[in-house]
Amino acid sequence: MILGILTPLFAAFGSYCFKNNVNVRDSFGVLGGIVTFLISLKIFNGLQADEQYVLNLFTLFDGVDFLFNITPLGSIFSLVASSLWILASIYTVGYMRGAAEENQTRFVIFYSIAIHAALAIAWSGNLLMLFIFYEILTFSTFPLVGHKQNSESQAAGRVYLSILVGTSLVLFLPAIFWIWFETGSLNFTSGGILDGKFPTEHLMFLIAMLVFGIGKAAIMPIHRWLPAAMVAPTPVSALLHAVAVVKAGVFSFLMVVVYIIGPDYLLQSKASNWLVWLSSFTILTASIIAISKDDLKARLAYSTISQLSYIILGAALATTFALKGASFHIITHAIGKITLFFCAGAIYVTAHVKKISELGGLGFKTPMIFFAYTLGALSIIGVPPFIGSWSKLFLVIGSLEADFLFVAILLGISSLLNIYYLLQPVFIAFNKKNIKNIKITNAPLTIWPPMITGVGCLLLFFFSNYFLNIINGVVA
Amino acid sequence: MNIFLDDAPALVVVLPLLVAAIVAFIPSPRLAWFITIVTLVIHVLLSIELLTSFSSFGAIIYEFGNWPPPWGISFKLDGVNIGLQILFSAFVLIATIYARKIFLSEIEPEDSGKAYSLWLLAIGSLNGIILTNDIFNLFVFLEISALSSISLISLGAGTNRKALLAAFNYLIIGAIGATFYVIGVGFAYAMTGTLNMNDLIIQLTQYSEGQLAIFAGMSFMLIGLMVKSAVFPLHLWLPPAYSYAPSAVSTLFAALATKAILIFFVRILYEVFSIYNDYLILFLDYILLPLSLIAIFVGTIIAIYQDDIKKLLAYSSIAQIGYITLAFSIKDNSGVLAGFVHIFNHALIKGGLFMAVGYLAISLKDRVTLQSIEGYGQKFPITSYALLICGLSLIGLPLTNGFISKLYIFQALYINEMFLTIALVALSSALAVIYFWKIVEKLFFSSKGYKATSEDPAIYIPIWIIAISIIYFGIFSSSIVDFSSIASESLIKGGIN
Numbered sequence: 001m002i003l004g005i006l007t008p009l010f011a012a013f014g015s016y017c018f019k020n021n022v023n024v025r026d027s028f029g030v031l032g033g034i035v036t037f038l039i040s041l042k043i044f045n046g047l048q049a050d051e052q053y054v055l056n057l058f059t060l061f062d063g064v065d066f067l068f069n070i071t072p073l074g075s076i077f078s079l080v081a082s083s084l085w086i087l088a089s090i091y092t093v094g095y096m097r098g099a100a101e102e103n104q105t106r107f108v109i110f111y112s113i114a115i116h117a118a119l120a121i122a123w124s125g126n127l128l129m130l131f132i133f134y135e136i137l138t139f140s141t142f143p144l145v146g147h148k149q150n151s152e153s154q155a156a157g158r159v160y161l162s163i164l165v166g167t168s169l170v171l172f173l174p175a176i177f178w179i180w181f182e183t184g185s186l187n188f189t190s191g192g193i194l195d196g197k198f199p200t201e202h203l204m205f206l207i208a209m210l211v212f213g214i215g216k217a218a219i220m221p222i223h224r225w226l227p228a229a230m231v232a233p234t235p236v237s238a239l240l241h242a243v244a245v246v247k248a249g250v251f252s253f254l255m256v257v258v259y260i261i262g263p264d265y266l267l268q269s270k271a272s273n274w275l276v277w278l279s280s281f282t283i284l285t286a287s288i289i290a291i292s293k294d295d296l297k298a299r300l301a302y303s304t305i306s307q308l309s310y311i312i313l314g315a316a317l318a319t320t321f322a323l324k325g326a327s328f329h330i331i332t333h334a335i336g337k338i339t340l341f342f343c344a345g346a347i348y349v350t351a352h353v354k355k356i357s358e359l360g361g362l363g364f365k366t367p368m369i370f371f372a373y374t375l376g377a378l379s380i381i382g383v384p385p386f387i388g389s390w391s392k393l394f395l396v397i398g399s400l401e402a403d404f405l406f407v408a409i410l411l412g413i414s415s416l417l418n419i420y421y422l423l424q425p426v427f428i429a430f431n432k433k434n435i436k437n438i439k440i441t442n443a444p445l446t447i448w449p450p451m452i453t454g455v456g457c458l459l460l461f462f463f464s465n466y467f468l469n470i471i472n473g474v475v476a
Numbered sequence: 001m002n003i004f005l006d007d008a009p010a011l012v013v014v015l016p017l018l019v020a021a022i023v024a025f026i027p028s029p030r031l032a033w034f035i036t037i038v039t040l041v042i043h044v045l046l047s048i049e050l051l052t053s054f055s056s057f058g059a060i061i062y063e064f065g066n067w068p069p070p071w072g073i074s075f076k077l078d079g080v081n082i083g084l085q086i087l088f089s090a091f092v093l094i095a096t097i098y099a100r101k102i103f104l105s106e107i108e109p110e111d112s113g114k115a116y117s118l119w120l121l122a123i124g125s126l127n128g129i130i131l132t133n134d135i136f137n138l139f140v141f142l143e144i145s146a147l148s149s150i151s152l153i154s155l156g157a158g159t160n161r162k163a164l165l166a167a168f169n170y171l172i173i174g175a176i177g178a179t180f181y182v183i184g185v186g187f188a189y190a191m192t193g194t195l196n197m198n199d200l201i202i203q204l205t206q207y208s209e210g211q212l213a214i215f216a217g218m219s220f221m222l223i224g225l226m227v228k229s230a231v232f233p234l235h236l237w238l239p240p241a242y243s244y245a246p247s248a249v250s251t252l253f254a255a256l257a258t259k260a261i262l263i264f265f266v267r268i269l270y271e272v273f274s275i276y277n278d279y280l281i282l283f284l285d286y287i288l289l290p291l292s293l294i295a296i297f298v299g300t301i302i303a304i305y306q307d308d309i310k311k312l313l314a315y316s317s318i319a320q321i322g323y324i325t326l327a328f329s330i331k332d333n334s335g336v337l338a339g340f341v342h343i344f345n346h347a348l349i350k351g352g353l354f355m356a357v358g359y360l361a362i363s364l365k366d367r368v369t370l371q372s373i374e375g376y377g378q379k380f381p382i383t384s385y386a387l388l389i390c391g392l393s394l395i396g397l398p399l400t401n402g403f404i405s406k407l408y409i410f411q412a413l414y415i416n417e418m419f420l421t422i423a424l425v426a427l428s429s430a431l432a433v434i435y436f437w438k439i440v441e442k443l444f445f446s447s448k449g450y451k452a453t454s455e456d457p458a459i460y461i462p463i464w465i466i467a468i469s470i471i472y473f474g475i476f477s478s479s480i481v482d483f484s485s486i487a488s489e490s491l492i493k494g495g496i497n
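Chains A and B supply the protein sequences, listed in that same order. Using our numbering, you'd call the opening residue of the first sequence number 1 and step up by one each time. Using our numbering, you'd call the opening residue of the second sequence number 1 and step up by one each time.
Careful: at least some of the hints might be erroneous.
[What the hints assert, rightly or not] The following label-pair restraints were derived from C-beta to C-beta distances:
#, chain 1, residue 1, chain 2, residue 2, range
1, B, 489, A, 190, 38 to 48 Å
2, B, 287, A, 184, 29 to 39 Å
3, A, 184, B, 305, 39 to 49 Å
Just so you know, these hints were derived from the structure itself, not from any lab. C-beta atoms are modelled at their ideal positions from N, C-alpha and C, and glycine is treated no differently.
Start from the sequences, fold in the hints, and give me the full structure.
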């Protein structure tokens with residue numbers, strides 16, 4: 001388990017040592033991905049066999065240890081992050097060389113450190129540990145966002161950092177202190193630690209501090225950093241801003257709801273009803289903004305904001321099915337969205353096109369990319385037999401269970417909007433009228449990863465039981 | 001040997017003062033430095049001796065010349081100052097190791113004997129401020145420390161003439177502060193006929209109703225001390241003094257000078273004047289608390305707009321002193337505890353930051369501004385990463401000691417249900433990220449490509465000792481917290497309400 005946490009750091013260090021040998025340097029990412037994936041997989045299976053993974057290093061202060069303790073939810077997140085890291089590092093090689101970016105060594109190093117932070121978030125045993133690695137994740141992704149070092153990326157980097165660090169210091173950290181002062185503990189415990197110790201009438205404020213303080217969850221109005229972060233090279237947008245960073249945000253919030261507040265307590269107190277409205281609002285508004293975006297990555301970013309609020313919504317509803325749906329959505333959206341980002345990057349590398357309106361006829365020249373894109377999009381829309389349909393189904397059942405009929409309707413509307421804004425690029429690309437003469441350079445390393453994840457979206461539909469076992473463990 | 005150790009409380013003050021007189025006549029920078037180091041090593045040993053005897057026998061009152069108080073001068077070593085004594089001793093030793101190369105490049109070699117002499121004089125007098133148990137004796141040490149500080153600051157004129165103006169500023173404002181203080185002492189002496197603090201506490205009980213003369217005296221003393229410890233809005237001397245002094249000198253001042261006076265300030269507040277409950281509550285709630293909050297915001301916001309990094313750090317110090325006085329203005333154990341924790345932690349943080357910036361200053365041979373350090377993260381990686389650690393601690397991220405400070409300040413505010421203040425403090429800590437990140441961005445993320453230059457271990461080792469201790473005390477915070485809780489408990493026996 002220690003090995004699992006440290007492997008990405010070894011990879012970062014290895015990349016640094018071999019900075020002069022490009023192939024060796026880049027292979028550390030792939031290697032690190034494979035090792036962490038195997039460890040995550042072992043832990044994932046181990047948890048189902050009722051094994052415990054606890055690592056207590058030392059005490060920080062009263063009741064708060066430097067503690068790793070893998071929860072079922074954490075194992076899901078780490079499995080997703082590490083498996084996609086393998087593909088992403090292969091993709092990174094293709095993209096960074098294809099787009100001839102500078103400072104590739106620094107890029108690879110911070111990429112690995114970011115993964116390290118994401119894994120440590122997944123496995124942290126208490127809320128303070130989670131906060132520590134949450135901050136490390138923010139700081140380690142800053143150089144990746146500002147990678148191009150021009151004034152645009154610098155400005156974006158500042159927006160990114162000031163929103164994420166600002167909200168976490170002003171709201172998240174005081175909320176953590178508050179929980180600690182009231183309960184004397186921050187450990188993730190199943191069933192939560194707040195019930196009976198926390199003044200219920202203040203729970204609403206605590207939830208507000210947490211959901212806005214965890215800026216990575218990108219609920220409106222704390223969402224501006226995510227579109228800003230899209231100036232980063234696409235591998236960053238793909239792995240970090242579709243999987244590691246944003247998922248760390250919603251994961252943190254889910255962890256708080258499931259293991260700190262406790263779903264039962266939350267359901268009784270009805271303290272999160274306002275959040276159901278706010279996340280619904282975010283889902284709808286972000287979708288509408290996404291339609292208006294012509295830049296493919298910006299559109300995907302707003303789509304991500306909308307999809308993240310599905311998870312917040314699930315946590316806010318706090319019923320069994322809603323939580324199942326929220327946990328499952330971490331997996332399904334990660335695979336689907338990384339496919340789409342991979343494709344966006346592949347289009348950029350092969351054809352140097354960023355705007356949707358300029359995609360005309362590209363589908364005939366690079367059919368593989370658009371095939372993978374369509375698979376990912378269908379999964380996010382929630383069409384069976386793609387894996388994304390499961391999580392949406394659970395969320396709909398969960399909203400009915402909580403007597404929020406309007407939420408179920410809204411999820412339907414949102415799916416319709418998804419169809420429009422996610423599939424429109426495909427239609428433009430396969431429209432014969434608009435064929436433009438665009439020079440194509442081949443970059444096979446950027447095409448295979450999205451193919452694999454795209455097909456994964458389809459195949460995993462049939463293996464959903466594998467995940468459901470452990471997700472049941474989250475809710476129980 | 002035993003006699004020597006018995007006099008340890010006096011020796012920690014007298015030894016540097018005596019050696020200062022010798023060092024002044026030594027022309028060789030090396031020898032002067034070496035003698036200073038030997039003195040300070042002995043100083044550390046004496047402080048350790050003080051700690052062991054404190055932990056076995058409790059508070060020590062040392063009477064000079066065996067004159068019993070109230071007649072003679074006495075020093076008091078108790079829970080309040082033992083922690084700071086240890087920190088002080090250790091820090092000045094590290095700062096002196098660091099100072100050798102800095103003095104070499106910023107001060108003319110023939111002046112270096114005088115510089116070390118003033119350096120020791122400042123150390124001795126600051127240590128006197130920490131230990132003294134006599135309100136007039138404090139004035140004497142304040143003056144010695146002011147005079148030696150002013151001369152040290154004006155040594156910075158070798159690199160920038162503005163140092164002279166800064167020194168003059170400090171001279172005038174410092175003198176006003178000292179005058180206020182001594183007027184207050186005069187009132188107290190006129191009413192009670194004593195200058196010894198323990199005796200003063202006893203004598204004051206006669207006036208438990210409170211009399212105007214006493215209140216006037218108290219006010220004068222407190223204002224004088226607030227000037228000296230740069231509590232907003234009496235801070236104007238501090239930014240230029242810190243930023244134009246030679247780099248090693250700013251390190252010493254930023255880490256310890258105001259802290260020593262703050263310790264005496266809380267002693268006066270909670271130990272001597274604690275019988276005047278109403279007055280104290282008035283002062284703490286309506287003067288110190290709002291001033292501290294304003295200091296936090298004004299200091300932070302001015303720091304954001306600074307280009308010159310030493311000035312930026314100096315204004316950040318104003319804000320950080322605001323955090324300390326904010327904690328002290330919470331009238332219970334938890335608040336005073338938090339104040340002490342932050343005194344320790346901030347001494348390390350700001351000391352480390354000034355050390356790192358000082359190294360950049362002597363490498364640049366110019367003012368350290370945001371423009372001039374562009375890309376220096378690549379040029380001086382070792383120093384820059386130490387600076388990064390200290391800075392992360394300044395904004396209070398977990399695993400650094402700044403986080404521990406923040407935790408205890410929040411806890412104190414929470415216990416006393418000062419929720420609005422919590423919100424303001426949280427907001428200000430986010431603002432601090434802005435000025436710190438401006439430095440980081442220039443250091444590490446600039447398009448200027450430099451090759452790493454070899455750095456001087458004589459300078460970066462002391463810096464890294466501080467940086468590592470920042471992380472160490474961030475993880476194993478118990479020693480600092482223990483010292484602080486001893487301090488707050490011995491200060492607030494029973495507590496005021």
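- Item | Contradicted hints - numbers only | none
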